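**Student:** Listed below are the residues making up each chain.
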Amino acid sequence: MTITRRTTLRALASGVAMTMLLGANMAHSADETVKIGYAVAKTGPNATGAGITTIPNYELWVKDVNAAGGLTMPDGSKRMIEVIEYDDRSSNEDLVRAIERLATKDKVDLILPPWGTGSNLAIAPLMDRFGYPQLGVTAVTDKAPEFAARWKRSYWMLGGGHDYANGLAEVLKAAVAAGTINNKIAMVSVADGFGIDLVNGARPSFEEAGLEVVYDKTYPLGTSDFAALMAEAKDSGADSFVAFSYPPDSFGMTKTAQSMGYNPKVFYVGVGGAFPIYGKIADGKHEGVMSIGGVNAASPAIQDYFARHTESAGAPPDSWASAITYASLEMLAQSVERVGLDHEKLAQELSTGTFSTIIGDVKLEDNQLRDLWWVGQWQNGTFVAVNPADKDGAVAPVVPKPNW
Amino acid sequence: MIRLAIALLGLVALALVPLFVSEYELGLMIGMATYVALASAWALFSGQTNYISLATVAFYGTGAYTVAVLNESLPYPAVLLCAALIGAGMALLVGLSTLRLSGIYFVIFTFGLAELVRQLITWYEVSITGTLGRYIFLDLTARDIYWQMLALAAVAIGLTAWINRTRLGLALRAIGDDEVVAAHSGIHLARTKLIAFTLSATLITLVGAVASPRWVYVEPLIVFNPTVSFLTVIMALLGGANRLWGPLVGAVPLFLLFEWLSVNFPDTYPIFLGLLFIAVVFVLPNGLLAGLDDLRARFGRRGK
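Note that the protein sequences, when read in sequence, are chains A and B. Residues in the first sequence are numbered consecutively from 1, following my numbering. Residues in the second sequence are numbered consecutively from 1, following my numbering.
Hints were generated in silico from the structure; no laboratory data involved. Check each hint, because a few of them may be wrong.
The calculated lysine to aspartate or glutamate pairs, modelled on EDC-like cross-linking and capped at a C-alpha distance of 20 angstroms, are [as the list claims (entries may be wrong)]: (1) Lys143/A to Asp366/A; (2) Lys184/A to Asp216/A; (3) Lys78/A to Asp342/A; (4) Lys143/A to Asp128/A; (5) Lys184/A to Asp128/A; (6) Lys107/A to Glu72/B; (7) Lys35/A to Glu344/A; (8) Lys152/A to Asp139/B; (9) Lys35/A to Asp75/A; (10) Lys363/A to Asp390/A; (11) Lys391/A to Glu232/A; (12) Lys107/A to Glu259/B; (13) Lys63/A to Glu72/B; (14) Lys143/A to Glu72/B; (15) Lys105/A to Glu259/B; (16) Lys105/A to Glu72/B; (17) Lys363/A to Asp163/A; (18) Lys217/A to Glu232/A.
Computed from a predicted structure; not experimentally measured.
With the rest of the complex left out, here is chain B:
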């Protein structure tokens, strides 16, 4: 109960931030909220089941594209609803056909999915509509986008917390531990994975939809940028993908670090980035939170 109260207080405080900061700082907050939402939504499925998905940008881009296509013909809330439905539909379709894959095959498939969606949209635009770029002229301020993104991040974390307490969460953890054992204890593998995958993908689609009005101009190459998928994974892994607050703990410092590096070292920052990724995997293979626990345990022993 106290934990919930603290989380809610934090959320209220974060929602008030735009009243006090400059545009640039608000931009930073939007970026952080975006990646917290992405990493948390990603971990909702991948963190528990250990199915590493690189399809993040396939859904994220689909969300952005939905807004680009519909923003002039439908009111904004209806556009968001359409984006959520399209994301969910796509996730069901993809999930049904692929969640039987495991390990490296699943990773490769999800990576290919983003490319597949991008090429499909390109093909459609080139041969049917005869244009490629689309414009988003929506009258949304940075504050509106921030509040929507914050709400999405809160939903992603709240949903994870809730699922963790349900039978679904238990089933997901069992699948993550050992799929064969899980199947033998009566867990319906396909259905469990499909539900979590669809929830996760729908959230990611909405993140893309909410973020897109900031770009004004959208084309497949811009919205299906694979870096988004990789960043999401590394952020969730840094914090600890199987923990409730792990993705947040990973996303915030990494996002700030990228920003700081690109501000101060525009020419050399990719090198630091590469070094950092290696360091994360070597030093903190189970994530920051697990690392902190380890540290605490070690000091605890020394104290005795």
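Isolated chain A (complex conformation):
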């Protein structure tokens, strides 16, 4: 037999196949573990968000629990966590199948939710049918009360668009009342789920707060040039610039504002503003920038969490949904310790119990986490929470923001 390109390729292909077979057989380990499964986007458009907010926290939590000997059961015994993870390829069809696999083939004890509003909704009917509690963290939706009523074991922990818009309206109203800014607002939003939800919440709540939206533009998803948009916002005479944007847009707008010397007294961007990388994007001049979310930066539990996350994932967490993701897992572990792995009892405990977590004591209201931070601001290199102003750990906002 002569060696041709064809035979070489065939040999390579069979070699690859054999390696895969070997890999598949090594995945099993001892029993008496708690099997926890999740399907999260490792590839595709959802991979960025999942890679920043969801996966590092799942990994950190599993590491923390197993380092402590495992999950504590009601009888005081400990069982190690065994993880089964799949890639949903950012496709809901694949995600649904992965959940079916976790529930009926792998028969895992618990399922952790995927990243994103759409993904969490796609699996909600399945989780309900199989009886698993679903701790939906990374889903911002105003319909949470409806969903919690429809699927009794689903929990919605990041609020809705109206909440964040109302929070921002309060901050701006207070600044107007104090005479530091005029009541005019320039507002831009991304033409996608998140931007639309927030802008729909913002229009009425700004009006109610006596704020005048003098510039209101929507831009398509994937826009990369914001010069025209920002120039118009600058000329609008508004003291406040508000963008309900996604990370790439938030970053792009910041750079554009800096390069054109646009210095509104309030500069607010959407998702991405609370990412640890934001400071670097803003060239170290992120002081005073406002964004969605926030953490109680003075809390030792949060500081400890930031340190552990940095050590485990190689980067600090984002200051919005990351801490809540980790807290939701702490709630799960404490529920298991109190009632065991029975899904009905677990769901009951999650709905009614009080839990001590890194974001403080948590108790859900109608299966929703309502005790959240709506607005945060960069102050002295940390992203601190400024609204709700009466919540423990809130810091007074700095207005006007210093120039870039």
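Go by the hints and put chain B onto chain A.
**Tutor:** Same frame as chain A, but now just chain B:
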């Protein structure tokens, strides 16, 4: 006749599968039926004429979106009918304006079409209805979806078999071989291509419509995922796009392989995927079925 009987028996057997398998296995069957239907419907037009269409997801997504918009106001069968009509209408419109393009221009146009439809829907939702995500709360079980999808796959393959025996099939093959020659032998190019394109697109739209109740939540970015178009093409090509059973032979193993890879190698599977695509094009440029024929011919010669 015997072939038809075997095919029908197979179909009956497949229809009985849900009575014996777990939910996950049923999910797998739905996925396979989906891609067999997609690849067969795609090959109905593209396989014969060699017009590589990347518009699959434009129609697939349109079908899903139709269900999302209408599921609360119309009974389910009427929703499916609307989806089919919308798909057919869109295909006629697109076909009339573009089937004069050929080669790479057609490929690029069809790829752009999916993006165009997605942006149009987004624009409409943002500026007219002021919302983006839509919900599908339909009381359909996985079994219902499986049976509908299986029926669609059967229709796609049956329709192809029937067309292959008609003048339309002959005309399509002639166009695939050489468009100029076909025109000179009196084939009405535009009409022939338009009929096949519309049939194919209508089926694809229905596949999207049937699949969508499994997702509950629909938004343009979710349903217009270009991967669907690429997978459909590569599956049809693997099996052999110009053969009746080619798309099925390509879709089933590839689908199972993707599933197996994502289960066992969640981190590295895209690399294997890329290698596999290269291998398909190098090793089996005319598809698995043609490759098998080649192999048989070679062994036949050796035997003599």
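**Student:** Look at each hint and say if it fits the structure.
**Tutor:** Hints, one by one, checked against the model:
1. Proximity of Lys143/A to Asp366/A is assessed by CA-CA distance (about 13 angstroms); at most 20 angstroms being required, the pair is judged to hold.
2. For a cut-off of 20 angstroms, the pair hint linking Lys184/A to Asp216/A stands: about 11 angstroms separates their Cα positions.
3. With a C-alpha separation of about 16 angstroms, the suggested pairing of Lys78/A with Asp342/A holds against the 20 angstroms cut-off.
4. For the proposed pair Lys143/A and Asp128/A, the alpha carbon gap of about 17 angstroms is at most 20 angstroms, so the pair holds.
5. For the hint linking Lys184/A to Asp128/A, the alpha-carbon distance of about 46 angstroms lies beyond 20 angstroms, and the restraint is violated.
6. A distance of roughly 34 angstroms separates the Cα atoms of Lys107/A and Glu72/B; the hinted pair therefore is violated under the 20 angstroms criterion.
7. Taken as a hint, the Lys35/A and Glu344/A pair is honoured in the structure, with Cα atoms around 17 angstroms apart against an allowance of 20 angstroms.
8. Proposed proximity of Lys152/A and Asp139/B is supported: the alpha carbons are some 18 angstroms apart, at most 20 angstroms.
9. Proposed proximity of Lys35/A and Asp75/A is supported: the alpha carbons are some 18 angstroms apart, at most 20 angstroms.
10. For a cut-off of 20 angstroms, the pair hint linking Lys363/A to Asp390/A stands: about 18 angstroms separates their Cα positions.
11. About 36 angstroms separates the Cα atoms of Lys391/A and Glu232/A, which puts this hinted pair outside 20 angstroms; it is violated.
12. Proximity of Lys107/A to Glu259/B is assessed by CA-CA distance (about 18 angstroms); at most 20 angstroms being required, the pair is judged to hold.
13. Restraint check for Lys63/A and Glu72/B: the C-alpha separation of about 45 angstroms exceeds 20 angstroms, so the hint is violated.
14. Of the supplied pair hints, the one linking Lys143/A and Glu72/B holds, its CA atoms being roughly 17 angstroms apart against a limit of 20 angstroms.
15. Among the hinted pairs, Lys105/A with Glu259/B is consistent with the structure: their alpha-carbon atoms are about 14 angstroms apart, no more than 20 angstroms.
16. Restraint check: the Cα-Cα separation between Lys105/A and Glu72/B comes to about 34 angstroms, which exceeds 20 angstroms; the hinted pair is violated.
17. Simply put, Lys363/A and Asp163/A have alpha-carbon atoms about 18 angstroms apart, close enough for the 20 angstroms limit, and the pair holds.
18. Between Lys217/A and Glu232/A the alpha-carbon distance is near 10 angstroms, which keeps this suggested pair within the 20 angstroms criterion.
Checked against the numbered hints given earlier, this structure breaks hints 5, 6, 11, 13, 16; the rest are met.
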